[in-house]
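S.K.: The hints should help you fit chain B onto chain A, whose structure is shown.
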Amino acid sequence: MPEVMSPVLETKALHKTFGGLTATNNVTFALPAGARHALIGPNGAGKTTFVNLLSGVLTPTSGTVYLDGTDVTRWPAHKRAGAGLARTFQINQLFADFTPLETIVLAISQAKGLAARFLRPVGTDTSIANAAADLLQRLTLGDVMHARVGALPYGKQRLLEIAIAVASEPKVLLLDEPAAGVPESEREQILDVVAALPGEMALVLIEHDMDLVFRFAKSLTVLVLGGVLVEGSPSEIVNDPRVRQVYLGELHVEGFSQPHAGGALG
Amino acid sequence: MTSLAADTRVATADPGTRLVAKARWRWPEFLLWLFAIALIWIAPSRYLLFNEIVILALLALSIDLVLGFAGIVTLGQGAFFGLGAYTAGLMAKHGMGTFPWSDPLLGLVGAAIVAGFVGFLSSFLVLRGSDLTRLMVTLGVALIVQELGNKLDWITGGADGLQGVMPAPILGLFDFDIYGRNAYLYSLCTLFVLFLIARALVNSPFGLSLRAIKGNLTRARAIGIPVERRLVVIYTVGAAYAGIAGALLAQTTQFVSLDVLSFERSADALLILVFGGVGTLYGALIGAIAFKAMYDVLASATPEYWGFWLGLALVLLVLFARGGIMGLMAALMERFGRRRMGDA
Chain A
1 MPEVMSPVLE TKALHKTFGG LTATNNVTFA LPAGARHALI GPNGAGKTTF VNLLSGVLTP
61 TSGTVYLDGT DVTRWPAHKR AGAGLARTFQ INQLFADFTP LETIVLAISQ AKGLAARFLR
121 PVGTDTSIAN AAADLLQRLT LGDVMHARVG ALPYGKQRLL EIAIAVASEP KVLLLDEPAA
181 GVPESEREQI LDVVAALPGE MALVLIEHDM DLVFRFAKSL TVLVLGGVLV EGSPSEIVND
241 PRVRQVYLGE LHVEGFSQPH AGGALG
Chain B
1001 MTSLAADTRV ATADPGTRLV AKARWRWPEF LLWLFAIALI WIAPSRYLLF NEIVILALLA
1061 LSIDLVLGFA GIVTLGQGAF FGLGAYTAGL MAKHGMGTFP WSDPLLGLVG AAIVAGFVGF
1121 LSSFLVLRGS DLTRLMVTLG VALIVQELGN KLDWITGGAD GLQGVMPAPI LGLFDFDIYG
1181 RNAYLYSLCT LFVLFLIARA LVNSPFGLSL RAIKGNLTRA RAIGIPVERR LVVIYTVGAA
1241 YAGIAGALLA QTTQFVSLDV LSFERSADAL LILVFGGVGT LYGALIGAIA FKAMYDVLAS
1301 ATPEYWGFWL GLALVLLVLF ARGGIMGLMA ALMERFGRRR MGDA
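For the protein sequence lines, the chains are A and B, in the order given.
Counting along the first sequence from 1, when you hit position 75 you're at 75 in my numbering, and nothing is skipped either side.
Counting along the second sequence from 1, when you hit position 14 you're at 1014 in my numbering, and nothing is skipped either side.
Isolated chain A, as found in the complex:
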């Protein structure tokens, strides 16, 4: 069934070059509210560059990004965050000297526009502190909420990455390899957390682990060499010969080495 709603996040002919290298090639993309979308592609396909363009870490060479129908192409990252676009990072970006509680209190305060308050100590607003503690409990970080973030085990830090992004109750959440580097025993926990996120939040998952992708995603985009190779439902993607050749081929077909996609680019 086709979406009648306007997309919550959209790009039109998004293009990014670094010198002579094309990192994002003419990507047109639409994400409906409540989507469970996965972005896959072989190494160097430009997945993280694309996420950086969406979140405002990078500015595109050409093309447009719309958030909730508004052109945000020239908006800096913090303004997009304020408009409801949150993300996690492939490599942890945390405040090492904070406690998880302080981290989430700050994220919630900022989302509510109260982080510029001064003179009253952090925690005076008990509704924010309680909301932060609740969120941490839900993400199984309750027992470490007063510990120093830098001293947390890696798996907990990955969960905190997600907690920070969720704290602002965003419309769109970009999850850049949330389980990267997490030991097998803790991956399940991260998947559970992702699965339990509110249904109306549109999620984009960038992931290498195909198990994870196919358990999570209702729709997928395959990026190759910065461009969209194909989009579709999981079954369409699995059965697409080009995808098998380019991407899954890497994993399943012995001796396949050259991930080139005929005329599908541009």
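It should be emphasised that the hints constitute simulated quantities derived from the structure, not laboratory data.
Computed from a prediction, not measured in an experiment: that's the story for all the values here.
Hints should not be assumed to be uniformly reliable.
Below, a list of computed lysine-lysine pairs in the DSS-like style, where the Cα atoms sit at most 30 Å apart [said to hold, decoys possible]:
| no. | chain 1 | residue 1 | chain 2 | residue 2 |
| --- | --- | --- | --- | --- |
| 1 | A | 171 | A | 112 |
| 2 | B | 1214 | A | 79 |
| 3 | A | 171 | B | 1214 |
M.R.: Then chain B, alone, in the frame of chain A:
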């Protein structure tokens, strides 16, 4: 205020209470401020030295706001100090010792406005760039202001200094006496009020967002913190603080010379902050006390080796106690506290 009882209460408290507890007063803080007041009776002959310490502490405090909490490295805080000194000096001079222009408190306000305004303008120069860029930009601004102070001698008195600075009595009641007793109390009260504001500021959500910027710029932006706006605000506040420190010097010594703008003062203040401990607020105060006490003892015993002792202390401190004196004390307290209570 039995801190032991408070600790056990806090350990089981709700998250908000637990966070607020981080901002509550601890007994060494009371002790320090009571000691500062007690000095009036302990060592009545050393008011001038104490006054100098207070002013240096305030300057170092202004650097701590900018460097310790927002992570902006600066070597140019002396520019704002000097601007504040000249502003208060000129107001007192041309006000002819009467209300309103010569009023010391209005002088402080004027100094804060002028220094803060120049700080606001120059803050846009330190928004971008690495630590090295910021170091050079702040130094550059300080050198420009210093040269202006020299060239605009029809305002500043140039190399002769600004003569005839006559502040009115404080609140119209307390004259600046020749022993410097009122001067010390006046500076101390000013420092205390500004310290309270700074303390509230760094413990507030605003302060937390500054520490976030210092801790991880990428993440700070990603959660929506307007980084540039925050840095402009704190740099401006820091400049105003430095300006008030300068104003205190001008009013209490009733003279302003070009060396209020000197690079050495910026460097000394930064050194004092590193001595005391960056990002603790009290580091600025403790550092100033240690620095001046050391100077007082060592420079009077062996004036020619002052630089040697200062350098030695600096090297030892940076090598063995990177958190400065506050870092050392925190480590000691923690060891002591752990033995006493198990969990601190």
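S.K.: Evaluate each hint against the coordinates.
M.R.: To see whether the hints hold, each was checked on the structure:
Between residue 171 of chain A and residue 112 of chain A the alpha-carbon distance is near 14 Å, which keeps this suggested pair within the 30 Å criterion. Between the alpha carbons of residue 1214 of chain B and residue 79 of chain A the distance comes to roughly 19 Å, so the proposed pair stays at or under 30 Å and holds. Restraint check for residue 171 of chain A and residue 1214 of chain B: the C-alpha separation of about 28 Å stays at or below 30 Å, so the hint holds.
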